[in-house]
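Enquirer: Each chain, written out:
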Amino acid sequence: MSTRFTVNGVERDFAGDGEMPLLWYLRDHARLTGTKFGCGGGFCGACTVQVDGVAQRSCLLPVKAVAGRSVRTIEGLAGSGLHAVQKAWLEEDVAQCGYCQAGQIMAVVALLERNPDPAPADIDSITNLCRCGTYVRIRRAIARAARELSK
Amino acid sequence: MSTLLLAVSRRTFLQVSLTASGGLLLVPTVLGVAAAADGPVAPPNPLGINLRIEPDNRVFIGAPSPEIGQGVKTSLPMIIAEELDADWALVTVEQLPLGIDFSGAEPRWIYGSQGAGGSTSIPDAWAELRQIGAQARWLMRQAAATRWNVPADSVATRDSHVLHADGRRLPYGELVAAAALLSLPAEPVPMKSRDEYRIIGRPQRVVDANDIVTGRARYGIDVHEPGAYTAVLLRCPYFDGDIASFDDQAARAVPGVRAVVVVPGPKPGEPITMNLATGIAVVADDTWSALKGRAALKVEWTRGPFAGESSAALDRQCDELLSRTGQIVRDDGDFAAARAGAARTIQARYRQPFVSHAPLEPQNAFVHVMADRARVIGPLQQPAGASRAVNLATGIPRPAITVEMTRVGGGFGRRLTNDFVAEAALISKATSWPIKLVWTRDEDLQHDFYRPFGHHELIATLDASNRVTGWTHRLASASKYYRRANVPPEGLWEAELYPDDFPARLVPNYRLEWHSVQSGIARGSWRAPAHTANAFVVQSFLDEIAVATGQDALALRLAMLGEDRVFDYAQHGGPKFSTARLRTVLERVATAIGWGRTMPRGRGLGLAAHFTFGGYAAHAVEVEVSPQGALTIHRVICAIDCGQPVNPLGISAQMQGGTIDGLSTALNLEITIRDGRVEQNNFDSYALATMAQMPKDVEVLIVDSAESPSGCGEMGIPTAAPALTNAIHAACGVRIRNLPIRAQLAAAFNPAT
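If you read the protein sequences in the order shown, they are chains G and F.
Start counting the first sequence at -8; every next residue gets the next number (our numbering).
Start counting the second sequence at 497; every next residue gets the next number (our numbering).
Hints may be right or wrong, so weigh each one.
[Said to hold, decoys possible] Derived DEER-like restraints, expressed as beta-carbon distance ranges: (1) D115(G) to K763(F): 47 to 53 angstroms; (2) D1060(F) to R138(G): 45 to 51 angstroms; (3) D115(G) to T588(F): 55 to 61 angstroms; (4) M(-8)(G) to A926(F): 18 to 24 angstroms; (5) A1243(F) to V1(G): 50 to 56 angstroms; (6) A740(F) to P111(G): 52 to 58 angstroms; (7) R138(G) to G1229(F): 24 to 30 angstroms; (8) L140(G) to N706(F): 15 to 21 angstroms; (9) D1171(F) to R(-5)(G): 45 to 51 angstroms; (10) A1243(F) to R(-5)(G): 53 to 59 angstroms; (11) P111(G) to A1051(F): 34 to 40 angstroms; (12) R826(F) to P111(G): 44 to 50 angstroms; (13) F1245(F) to L140(G): 54 to 60 angstroms.
[What the hints assert, rightly or not] Lysine-lysine pairs mimicking DSS-like chemistry, simulated, CA-CA at most 30 angstroms apart: (14) K688(F) to K1072(F); (15) K1192(F) to K142(G); (16) K1192(F) to K78(G); (17) K925(F) to K794(F); (18) K55(G) to K794(F); (19) K1072(F) to K1192(F).
It should be emphasised that the hints constitute simulated quantities derived from the structure, not laboratory data.
All C-beta atoms, glycine included, are put in the ideal place defined by N, C-alpha and C.
Can you build the whole structure from these sequences, using the hints too?
Expert: Below, the structure is given as structure tokens:
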């Protein structure tokens, strides 16, 4: 039995193992490698994507669980231009090694879509890990993106 | 095509030629300098970059060093672009592959030394890169002057154009054909003065940022080569353990699994030159099939010679070692006499845990071993070492091994070793397939080259006016030089104690003593090796002396530094150590945090300053400790003197990140050992700090300096932890001598629970 869903608006039909975590489907089969593998246990958030607009850790989410649903990855974030969160990331020069940043951005986009004016405690709800320690600039980028989106 | 050689320095020549597409190519060549055939040792005059100016005026600069998040892919090209007087917006930076020329008697670097480690990329390259840019600019000016028939000294440059006083201007791109035919002076050409800088010293953003935020940046783990299979390994968790028996029938039955391969590790006690542990590889069509196959393996391990090892046993070993006299590695004056005559002696014992690198991109490598050649692509910190590892694993001669570097998802020292490349090569050799090896997080945390563990005993003697007259630092540690070829037992200490570090020569009777802890866990370089341990204990102990004698902690430090002096510094980061530069960063953070002000109850300030690999850094931290022992970090300020700042935005990023790394590690992180294996296996048991647990801001003060630049990738860490624990003591009177801090504060305030 195959699993049908959309990724970044494109219809997908996966005939393989429905238990495969969405992360490995995206990376190995759809070749959307912007979503990263960091820990495989749902701790680090490098694999964060949106499923029907909600941030999810794709390393623990079986493909069969997204049947009929809409998945958005970092590759699907920019439209004709960069998303306001991506722009804020550039303005604040957030990335160091950059590996966790796609997951961070996807988590922040989901937060701001739900809560356009996040309080510090809301920002603290983002538990994505950054081994390089870019948290200071992530905070600034979130504030900048929130200002931009509320205009 | 014309080719010209121009001397950049005594050993370096710039080769100038036209490319097939009509671009001007400038390639520095290190003549007569061998690329280290054994060990990642830089040649004495390393550089490595190339520069191409296209007819359409775009500039391409090849970046030789791997980008692991330290920002060299931005900062090194900035140095060339500055002297070239290029428009930074027209500059594109390209990662160069590993370049070693094996055609001569000795291997030679083609693009200069390629590797990252020890914060050396910038200091190594500074002089040469500037001269390369200056020579390219000289060519542009000559070519324009010839075209206009005016003297060369009458033309100027700006933003990739040559300008004449009468308003005429030519883009560099229109001059490349003429420039390639010019004769060049034998002597180095003049370079800009600091006040002419337009790129160096100005904030420049990360060059690959657009690719990073859109998910296009290519890391090693993103490599999907045609025909490649994915491999995952199950390694023996016991130090130097082995396979007793295994059953792979179920693993082979998993759909998509193509092979199961035993990968032998090093023999117990022998130098570690390839992989770290014996394991069983499952090779499959994709990662998920390989993981399912691995989960289906049934393996019995032998527990090896270290089965009885535990963290508690290592603590006991340190106690026992420190009860005796060890190897004296520095002995100035007469500490015993100072102690006998002291008005007062202060003593304290500290403990540093093993910690793991845990870069967020797990180890991985693509290796294809063919009959007579091999190909490597990976997130590599030492690409020449990757070539060596494949050579050792396969016997394929190094000239037949090509190595490409991707962007690297963090290193922190972990990827100085190429054990994961050797594994991929062994699996590819065994199967004859192209193999992409991917580590999982549990394997990464259990098979690292960990930051050394150790116990430190500090003893200070004071005279009647509370001046420090004697200082002894006794360290029992498991050296990071673990099972390295060519390091004799009596040299193990050299990775753990740096004899010229503060306060050597500032205290007349000064003694360093080392004891070798025996342990089966592998150790290696962890960001700012040895400095993270020694800065913590020295800067904590200074505070203890200040508290015990009723002195101000800043005043005590300044008194010990004394009048401004420059000492020789024989270890990495030398050749000189300036007390004035250390004093300056200390004073900068003290002033910024308002040192000396009266603090509310439960709040405290802490300071620390240290010289790390050529850079001077200090931290000031303000914390609050609640009556229940809850810690809040209110303010963190750091100051950095890394010489001429190249990219202030990159420097502040490194200092912020280093600070967070230092705080996160001090608060929470420890690798513990039980039954001869590591206990932690993911980010729940090895809990890197989240954003909520870290201070909201890290303020960075960059000292403006005309000194030759040092790197800054490691300078932000060593002083963060002692500034924090000194602040904790000031806030609540609890002295943290055992890292990580974890629940120690809560335990101190709630003794019954």
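Enquirer: Hints first: check each against the structure and report whether it holds.
Expert: Structure-based check of each hint:
At about 49 angstroms, the beta-carbon gap between D115(G) and K763(F) stays in the expected band of 47 to 53 angstroms. Between D1060(F) and R138(G) the Cβ separation comes to about 46 angstroms, which falls inside the hinted range of 45 to 51 angstroms. D115(G) and T588(F) have their C-beta atoms about 38 angstroms apart, which leaves the hinted 55 to 61 angstroms range violated. Under the hint 18 to 24 angstroms, the C-beta atoms of M(-8)(G) and A926(F), about 36 angstroms apart, miss the expected range.
Restraint check, A1243(F) to V1(G): a C-beta distance of roughly 54 angstroms satisfies the suggested window 50 to 56 angstroms. For A740(F) and P111(G), the Cβ-Cβ distance of about 54 angstroms falls inside the hinted range of 52 to 58 angstroms, so the restraint holds. Roughly 43 angstroms separates the CB atoms of R138(G) and G1229(F), a value that falls outside the hinted 24 to 30 angstroms. Checked against the hint of 15 to 21 angstroms, the C-beta distance between L140(G) and N706(F) comes to roughly 20 angstroms, which is consistent with it.
Between D1171(F) and R(-5)(G) the CB atoms are about 48 angstroms apart, so this pair conforms to the stated range of 45 to 51 angstroms. At roughly 54 angstroms, the beta carbons of A1243(F) and R(-5)(G) sit within the given window of 53 to 59 angstroms. Separated by about 37 angstroms at the C-beta atoms, P111(G) and A1051(F) satisfy the suggested range of 34 to 40 angstroms. For the hinted restraint 44 to 50 angstroms between R826(F) and P111(G), the CB-CB distance of approximately 48 angstroms keeps it satisfied.
Our hint of 54 to 60 angstroms for F1245(F) and L140(G) is violated, since their Cβ atoms are close to 43 angstroms apart. The straight-line distance between the Cα atoms of K688(F) and K1072(F) is roughly 25 angstroms, inside the 30 angstroms bound, and the hint therefore holds. Distance check on the hinted pair: K1192(F) and K142(G) sit about 25 angstroms apart at the alpha-carbon level, within 30 angstroms; holds. At roughly 21 angstroms between alpha-carbon atoms, K1192(F) and K78(G) fall within 30 angstroms of each other, so this suggested pair holds.
The suggested pairing of K925(F) with K794(F) holds, with an alpha-carbon distance near 24 angstroms, which does not exceed 30 angstroms. A C-alpha spacing of about 28 angstroms is found between K55(G) and K794(F), which places the hinted pair at or below 30 angstroms, so the restraint holds. For the suggested pair K1072(F) and K1192(F), the alpha carbons sit about 36 angstroms apart, so the restraint of at most 30 angstroms is broken.
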